Amino acid sequence: MQIRTREFIPRATFALHDPNLQRALAKAADGFIGKRAKAIAEVPEFEALREAARVRKDEILSELDLWLERYEAQVRAVGGQVHWARDAEDARAIIRALCARAGAKTVAKGKSMVSEEIGLNEALAADGLEVIETDLGEYIVQLAKEPPSHIIAPAVHKTKEQVAELFAEHHGTTPEPTVSGLVTEARQQLRRAFFRADVGITGANFLIAETGASVIVTNEGNGDLTQTLARVHIVTAGIEKVVPALEDATLFLRLLARSATGQDSETYTTYSMGPRRAGDPDGPQEYHVVLVDNGRSRMLGGPWREMLRCIRCGACMNHCPVYGAIGGHAYGWVYPGPMGSVLTPLFVGLDTAYDLPNACTLNGRCGEVCPVKIPLPELIREVRHAQQRDGLHPPAEQRVKALWRRVAERPALYHGLERLAVRLLATLGYKGRIRRLPGLSGWTDARDLPAPTGRTFLELWHAKGHDE
Amino acid sequence: MPPDRTGTVGLFATCLMNAMRPNIGFAAARLLEDAGWRVEVPREQTCCGQPAYNGGDEDAARALARRTIAQFEAFDALVAPSGSCLATLKHDYPRLLRDDPLWAGRAQALADKSWELLTFLHERVGPEHIRSRFPHRVTYHDSCSGLRQLGIREAPRALLARVEGLRLVEAEEREVCCGFGGTFSVKYPTLSERLAENKVQRLLATRADVVLGGDLGCLLHLAGRLTRICAPVRVYHTVEVLAGLADGPGIGQS
Ligand code: SF4
Chain A
0 MQIRTREFIP
10 RATFALHDPN
20 LQRALAKAAD
30 GFIGKRAKAI
40 AEVPEFEALR
50 EAARVRKDEI
60 LSELDLWLER
70 YEAQVRAVGG
80 QVHWARDAED
90 ARAIIRALCA
100 RAGAKTVAKG
110 KSMVSEEIGL
120 NEALAADGLE
130 VIETDLGEYI
140 VQLAKEPPSH
150 IIAPAVHKTK
160 EQVAELFAEH
170 HGTTPEPTVS
180 GLVTEARQQL
190 RRAFFRADVG
200 ITGANFLIAE
210 TGASVIVTNE
220 GNGDLTQTLA
230 RVHIVTAGIE
240 KVVPALEDAT
250 LFLRLLARSA
260 TGQDSETYTT
270 YSMGPRRAGD
280 PDGPQEYHVV
290 LVDNGRSRML
300 GGPWREMLRC
310 IRCGACMNHC
320 PVYGAIGGHA
330 YGWVYPGPMG
340 SVLTPLFVGL
350 DTAYDLPNAC
360 TLNGRCGEVC
370 PVKIPLPELI
380 REVRHAQQRD
390 GLHPPAEQRV
400 KALWRRVAER
410 PALYHGLERL
420 AVRLLATLGY
430 KGRIRRLPGL
440 SGWTDARDLP
450 APTGRTFLEL
460 WHAKGHDE
Chain B
0 MPPDRTGTVG
10 LFATCLMNAM
20 RPNIGFAAAR
30 LLEDAGWRVE
40 VPREQTCCGQ
50 PAYNGGDEDA
60 ARALARRTIA
70 QFEAFDALVA
80 PSGSCLATLK
90 HDYPRLLRDD
100 PLWAGRAQAL
110 ADKSWELLTF
120 LHERVGPEHI
130 RSRFPHRVTY
140 HDSCSGLRQL
150 GIREAPRALL
160 ARVEGLRLVE
170 AEEREVCCGF
180 GGTFSVKYPT
190 LSERLAENKV
200 QRLLATRADV
210 VLGGDLGCLL
220 HLAGRLTRIC
230 APVRVYHTVE
240 VLAGLADGPG
250 IGQS
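Heads up: the protein sequence lines correspond to chains A and B, in order.
Residue 163 in numbering that gives the first Met the number 0 sits at position 164 of the first sequence, with consecutive numbering throughout.
Residue 187 in numbering that gives the first Met the number 0 sits at position 188 of the second sequence, with consecutive numbering throughout.
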């Protein structure tokens, strides 16, 4: 996937003025926030679950190597194969080779953020394969030749009318611009693809070490068809997806559905394990798991370790006012919103994704809703800190910060300058406000600057004889 | 109030209050002194360091944290009329200095006796000292750092309930950020503007004629937006109303 994080500001500005996007976002935010609130209100122990999940994930991460080996052994034991991919290129090469060996012409895909991360679709298409996304949202953005704009609702940026137009253009049909009309239309198209597919590629929400099973949750059942109908099933997953036992998956599943879509559980929770056995009515002939590191093991040893707890529920972006105003595309890569503001710079570079962690008010709502209690604001601040260490903040900002620090450490100078500034600002005020202030036009373009009265609190206080 | 329950408060004069709205400091001092607390304002105090900390400059934040601790650790309590600065003192100082054997303990000790003004008035001073009158329909803006880092929700409302004639009308989406975000408002002005506009529309929908809050940063931002769109609403810090010092012009007005 093309990295467009450097275009954050122009793309965000464009998004603010896109009426269709704004309509779609307003609707989505209302739905996601309200449904989650309702769902968790019905689970009095929700906070306790979050805490349990945080603790459990940390335990698992501290023994990740162990659980990964156990998982690999179990997958082998049930007749599957595990492939380790160091980075995106490695992962693409492994999957391309598997498809080539299977003589595949068509690949059906379930929703997978890792496959976006490794740029899989482009690579397979370059090999001449027909790649069909089977998740409705993914299917829509694939037709529109766009990347997903949300990690669980890839086409959330589109209105129903836009989707109907898109289908009309590609299918030559005239579907009703209603949810059921669009779903029926997509289902008819996708059915054919499922039967045509030689290889089915899915992601995984969890990988279970004790059984070697992979778990996916969907609301459309497309994942089930993807993984049972094709001859070859390939699971792609980040290495942090492994959990020791079924009970662990259950804990996280309870949090995932409620945090993501406000459901008690998603409509389909599907476990897949190895290829078809003798006597099985269906299932693939080959079963492969591609475990993707792509920087994760490095993350494990550093200040962003907690980010590996992420179960990709999307709650942080649903509750982020900045995401809510601009949508996911402005973030310019696979992972948008608060989790993306931490992850994206780690994947594509602190420099390349400079704006993402900075375009954040640190209001903290993301951290409050995260089901595994990732302290997102602190991690975002930590990314800014790393950018500071690498000298990546704009030179003018660095100079102002350095100067400000020197002044703030010298009270007499600091207060002297402050007294001067408030006197100056007071003379610029008219009716209590300053309408335009050169040097602070970022502020005054959209707001007045309330004018000070001309004396600082400290000077007034001490002048009043409060001095001892 | 029996004297053994009072003591000396070091008033933290936040940068914005000091420069832009001294009235807030005087209002705070009036209420504290009325209740029998001695109020001192150390001359050598400067900034708590939050802009540096949020801007990624932990070294600078640490240097300013040490200065602030040295200035205030002798008082019985530190009180700041801002949830945002106070959260820095209370949560970030101990974190920033945890690996510094000389300062970790001092940072924690100061954090333990540092209070956001409205919480202090509510829990330590007691609402019975509020004797002001403000016959207006008001709405209250919860600032994010106060709300989420310090859990301030009830205190301002309980205090405002004591004000004669005041009618509090709650806005929708109270938990949503107003888009100030410190340097965010200058670095990403168009985003900040949109969030401000969203918030302002929610506030105006209450048909309140006064907006109150506990953080001057948010209030300057919201007042600036309200005057820019010529909305007939006045903005004050909550303590100005509680102390009966909201008789002058609102923030950004004359
Ligand atoms: S960071 Fe937390 S809230 Fe955001 S997607 Fe990951 S698990 Fe969900």
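Do not rely on the hints blindly, as some may be mistaken.
[Stated by the list, open to error] Below, in silico cross-link-like pairs of lysine-lysine (DSBU-like), each with a Cα-Cα straight-line distance of 35 Å or less:
(1) A:400 x B:186
(2) A:400 x A:430
(3) A:159 x A:104
(4) A:159 x A:37
(5) A:430 x A:159
(6) A:26 x A:144
(7) A:372 x A:463
(8) B:112 x A:34
(9) A:144 x B:112
(10) A:159 x A:26
(11) A:400 x A:463
(12) A:26 x A:37
(13) A:430 x A:372
(14) B:186 x A:26
(15) A:463 x A:26
(16) A:372 x A:37
(17) A:400 x B:112
(18) A:144 x A:34
(19) A:430 x A:463
(20) B:186 x A:372
(21) A:159 x A:144
(22) B:112 x B:186
(23) A:372 x A:400
(24) A:430 x B:112
(25) B:112 x A:463
(26) B:186 x A:430
(27) A:34 x A:372
None of these hints come from the bench; they were simulated from the model.
In this text the structure is predicted, and so the values were computed from the model without any measurement.
Hint check results:
Only pairs whose Cα atoms come within 35 Å are accepted, and residue 400 of chain A paired with residue 186 of chain B is accepted, the gap being roughly 13 Å. Distance restraint check for residue 400 of chain A and residue 430 of chain A: the Cα-Cα separation of roughly 32 Å lies within the 35 Å cut-off, and the hinted pair is therefore satisfied. Among the hinted pairs, residue 159 of chain A with residue 104 of chain A is consistent with the structure: their alpha-carbon atoms are about 32 Å apart, no more than 35 Å. This hinted pair checks out: residue 159 of chain A and residue 37 of chain A have alpha carbons roughly 25 Å apart, not beyond 35 Å.
Our distance criterion of 35 Å between C-alpha atoms is broken by residue 430 of chain A and residue 159 of chain A, whose separation comes to about 48 Å. Taken as a hint, the residue 26 of chain A and residue 144 of chain A pair is honoured in the structure, with Cα atoms around 23 Å apart against an allowance of 35 Å. For a cut-off of 35 Å, the pair hint linking residue 372 of chain A to residue 463 of chain A is broken: about 49 Å separates their Cα positions. Distance hint between residue 112 of chain B and residue 34 of chain A is unfulfilled; the C-alpha atoms sit about 40 Å from each other, more than 35 Å.
As the CA atoms of residue 144 of chain A and residue 112 of chain B are separated by approximately 57 Å, the hinted pair breaks the 35 Å bound. Simply put, residue 159 of chain A and residue 26 of chain A have alpha-carbon atoms about 11 Å apart, close enough for the 35 Å limit, and the pair holds. Simply put, residue 400 of chain A and residue 463 of chain A have alpha-carbon atoms about 33 Å apart, close enough for the 35 Å limit, and the pair holds. Restraint check: the Cα-Cα separation between residue 26 of chain A and residue 37 of chain A comes to about 17 Å, which is no more than 35 Å; the hinted pair holds.
Taken as a hint, the residue 430 of chain A and residue 372 of chain A pair is broken in the structure, with Cα atoms around 47 Å apart against an allowance of 35 Å. Taken as a hint, the residue 186 of chain B and residue 26 of chain A pair is honoured in the structure, with Cα atoms around 28 Å apart against an allowance of 35 Å. Only pairs whose Cα atoms come within 35 Å are accepted, and residue 463 of chain A paired with residue 26 of chain A is rejected, the gap being roughly 55 Å. Straight-line distance between C-alpha atoms of residue 372 of chain A and residue 37 of chain A comes to about 19 Å, which keeps the hinted pair within the 35 Å bound.
Taken as a hint, the residue 400 of chain A and residue 112 of chain B pair is honoured in the structure, with Cα atoms around 29 Å apart against an allowance of 35 Å. Of the supplied pair hints, the one linking residue 144 of chain A and residue 34 of chain A holds, its CA atoms being roughly 30 Å apart against a limit of 35 Å. For the hint pairing residue 430 of chain A with residue 463 of chain A, the CA-to-CA distance comes to about 27 Å; that is within 35 Å, so the pair holds. Simply put, residue 186 of chain B and residue 372 of chain A have alpha-carbon atoms about 28 Å apart, close enough for the 35 Å limit, and the pair holds.
For the given pair, residue 159 of chain A sits about 17 Å from residue 144 of chain A by alpha-carbon distance, which is consistent with the 35 Å threshold. Distance hint between residue 112 of chain B and residue 186 of chain B is fulfilled; the C-alpha atoms sit about 34 Å from each other, no more than 35 Å. Distance restraint check for residue 372 of chain A and residue 400 of chain A: the Cα-Cα separation of roughly 32 Å lies within the 35 Å cut-off, and the hinted pair is therefore satisfied. Between residue 430 of chain A and residue 112 of chain B, the direct Cα distance comes to roughly 40 Å. Violation of the 35 Å bound is thereby established for this hinted pair.
Proximity of residue 112 of chain B to residue 463 of chain A is assessed by CA-CA distance (about 27 Å); at most 35 Å being required, the pair is judged to hold. A C-alpha spacing of about 27 Å is found between residue 186 of chain B and residue 430 of chain A, which places the hinted pair at or below 35 Å, so the restraint holds. Taking the CA atoms of residue 34 of chain A and residue 372 of chain A, the gap is near 20 Å; set against the 35 Å cutoff, the hint holds.
In this structure, the hints that do not hold are numbers 5, 7, 8, 9, 13, 15 and 24, in rising order.
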